[in-house]
Amino acid sequence: MNKAGDVSLVFGKVLVEIGREDKNVVVLDADVPHSTRTYMFKEEFPERFYDVGVAEQNMMGVAAGLALTGKIPFVNTFSVFAVARVFDQIRQSIAYPHLNVKICGAGAGISLGDAGPSHHSLEDIALMRSLPGMTIVIPADRAETKKAVKAIARYKGPVFLRLSRGIKPDIHDENYEFRIGKAVTLREGEDVTIIGTGTMVAKALEAAEKLSLEGIDAEVVNLHTIKPLDKGAIIKSAKKTGCVVTVEEHSIIGGLGSTVAEVLVENVNVPMQRVGIRDIFLESAYTEYLMEYYGLSVEDIVKSVKRCLKKKSLIENKS
Amino acid sequence: MKVRVPSDDNIYKMLNHKATLIRRDLVRMSKGKNLHFGGSLSIVEILVVLYFHIMCHDPKNPNWAERDRFILSKGHAVPALYAVLAEAGYFPVSQLSSFRELHSTLQGHPHLKTPGVEASTGSLGQGLSVGSGMALGAKLNGKEYYVYVLIGDGEANEGPIWEASLFCSSYKLNNLIVIMDRNHFSAAGPMKGRVDINPAVDKWRAFNWNVLQVNGHNVRELILAIKKAKKSKEQPSIVIAQTVKGKGISFIENRTEWHNNKLSEEQYKLALSELGSVKG
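Residue numbers (our numbering), protein chains in the order written: chain A, 1 to 319; chain B, 320 to 599.
No wet-lab data here; the hints were simulated from the structure.
For clarity, every value in this text was computed on a predicted model and none was experimentally measured.
By construction, the Cβ of each residue, glycine as well, lies at the ideal position given by its N, Cα and C atoms.
Treat the hints loosely; a few may be bogus.
[Claimed, not checked] Taking CB as the label site, the calculated pair distances span:
| hint | chain 1 | residue 1 | chain 2 | residue 2 | range |
| --- | --- | --- | --- | --- | --- |
| 1 | A | PHE281 | B | ALA507 | 44 to 52 Å |
| 2 | B | ASN517 | A | LYS13 | 30 to 38 Å |
| 3 | A | ARG85 | B | ARG524 | 24 to 32 Å |
| 4 | B | GLN532 | A | PHE281 | 42 to 50 Å |
| 5 | B | LYS546 | A | ARG85 | 34 to 42 Å |
| 6 | B | GLY508 | A | SER118 | 33 to 41 Å |
| 7 | A | LYS23 | B | LYS588 | 52 to 60 Å |
| 8 | B | GLU463 | A | ARG179 | 53 to 61 Å |
[As the list claims (entries may be wrong)] Capping the alpha-carbon separation at 20 Å, the derived lysine-lysine pairs in PhoX-like fashion look like this:
| hint | chain 1 | residue 1 | chain 2 | residue 2 |
| --- | --- | --- | --- | --- |
| 9 | A | LYS306 | A | LYS210 |
| 10 | A | LYS182 | A | LYS239 |
| 11 | B | LYS549 | B | LYS462 |
| 12 | B | LYS432 | A | LYS156 |
| 13 | B | LYS581 | B | LYS350 |
| 14 | A | LYS23 | B | LYS458 |
| 15 | B | LYS462 | A | LYS23 |
| 16 | A | LYS42 | B | LYS458 |
| 17 | A | LYS240 | A | LYS156 |
| 18 | B | LYS379 | B | LYS332 |
| 19 | A | LYS239 | A | LYS311 |
| 20 | B | LYS552 | B | LYS458 |
Please put together the full structure from these sequences, using the hints given.
Shown next, in the form of structure tokens:
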């Protein structure tokens, strides 16, 4: 992983690309076009860009109305406002009628770290996952962001695109094949499955490298789509390795960890550990500091893997 | 062939006749069920004027691209909309009795799967945003249709109504016409002395809207106001329709307990007899 780049800039650029490809693509933004990078779309397609002002609730309804006239609206604001603030609008006006609206949450998780808990979005997966028919896509790097935006533009139905920002390591190359709802095994392993999503996938890979130095053979799965869920991939890998660790920049309640746990508990009886934010509001600090302090570091993943392996060995010794 | 153009008076007579028909449908479809009588009865003339006189629409082709759109933002008044859609021919009148029943297309609140319903509403305060998206879409697609959004006065307590209001005037959505059912009640009772929206006219003017006021049970006034609204060059328009909650059934008019309630057998007969017989 030598290369890295700003994932939000890629998002801004690919929005322009899909705008060129399909004139039905329209973009809405609630007064933060420089943070969401939709200013790029605005520059090229001013007639298809709607600045709705500081009014997120209205933005969701306007998007629903535009979708009902055949447009493909991409709505943009910070993830915490794109979901929690407008959850009822999403539920009633978009999800229930299953409209073709793409909800793009910028700066999700703790990528707006120093803005503090008012701007941290650690509940968005949990909320969106509970809506019938919602698709949830979380890109991990630049290449996946690009592929994901193109894929959701082609898909007909409501989508939540959970975006990070800042410089992130590249995991996938340009030839990477992305399919909504299809998990990707990035590294084969025998001892433990590490399932990551979004920006934590890179850390999962790093943890796997470290573990390999200690003779632990970890499988790493990128679960970029939380819904519809690739249950088969989770079950298959869990059966193979016998224990699972999930890694997410989200609360451990209702997010990736919960999603995987639900699948495992009904299908495969293996021990599991969740790496994520432990049901608390955080504080202001740079994202990387917060990650270290609140348990989202590579070292935390390594520790969780070892704990999980211990549980697995206890079970194996018993039987 | 000679075409006889109906006189205005005959049009008004026909529309009033339709209004009575709709009220009778409402009573019939409520048999043994809770129904939002108050807010449904107050909007009957508004819906009748839109669907049987003003709007371009085709009940046999509900998705016709050029059609005018109507959104019932105060979704709980949907029984009135269902009755109007049925009488207009979107689905058989006999289907009204399935209201709120399992597998019926007539859900408790509006949903897209019902022919003729344009938006899923029921959580108050969202229909105007959706309508403004449709009006924007019309301009973007070069379509000439109008979007009509019916909101309640109680519903105007909701913040997003005012977010949308600012948006509509900022984007000069003159192809959007709001009608506000000003029945002076919300679910818990009269709005006066509670969180009322007076002065309503001043508020909408301050938000840069073209504001018109009518008696919401007078079909002539409604028609003239909407025609005037359609001439607006830059502003979105709102017709503030003064109405009576529960209009048309004496024991329901202006009674808080009839916001959502069930008729006893005796009340059912009484309501129908008050509405008189209508040749269908």
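Results for each hint:
{"no.": "1", "hint": "A:PHE281 <-> B:ALA507: 44 to 52 Å", "verdict": "violated, 35 Å"}
{"no.": "2", "hint": "B:ASN517 <-> A:LYS13: 30 to 38 Å", "verdict": "violated, 50 Å"}
{"no.": "3", "hint": "A:ARG85 <-> B:ARG524: 24 to 32 Å", "verdict": "holds, 29 Å"}
{"no.": "4", "hint": "B:GLN532 <-> A:PHE281: 42 to 50 Å", "verdict": "holds, 49 Å"}
{"no.": "5", "hint": "B:LYS546 <-> A:ARG85: 34 to 42 Å", "verdict": "holds, 39 Å"}
{"no.": "6", "hint": "B:GLY508 <-> A:SER118: 33 to 41 Å", "verdict": "holds, 37 Å"}
{"no.": "7", "hint": "A:LYS23 <-> B:LYS588: 52 to 60 Å", "verdict": "holds, 59 Å"}
{"no.": "8", "hint": "B:GLU463 <-> A:ARG179: 53 to 61 Å", "verdict": "violated, 41 Å"}
{"no.": "9", "hint": "A:LYS306 <-> A:LYS210", "verdict": "holds, 12 Å"}
{"no.": "10", "hint": "A:LYS182 <-> A:LYS239", "verdict": "holds, 18 Å"}
{"no.": "11", "hint": "B:LYS549 <-> B:LYS462", "verdict": "holds, 15 Å"}
{"no.": "12", "hint": "B:LYS432 <-> A:LYS156", "verdict": "holds, 17 Å"}
{"no.": "13", "hint": "B:LYS581 <-> B:LYS350", "verdict": "holds, 8 Å"}
{"no.": "14", "hint": "A:LYS23 <-> B:LYS458", "verdict": "holds, 14 Å"}
{"no.": "15", "hint": "B:LYS462 <-> A:LYS23", "verdict": "holds, 16 Å"}
{"no.": "16", "hint": "A:LYS42 <-> B:LYS458", "verdict": "holds, 18 Å"}
{"no.": "17", "hint": "A:LYS240 <-> A:LYS156", "verdict": "violated, 35 Å"}
{"no.": "18", "hint": "B:LYS379 <-> B:LYS332", "verdict": "violated, 25 Å"}
{"no.": "19", "hint": "A:LYS239 <-> A:LYS311", "verdict": "holds, 15 Å"}
{"no.": "20", "hint": "B:LYS552 <-> B:LYS458", "verdict": "holds, 14 Å"}
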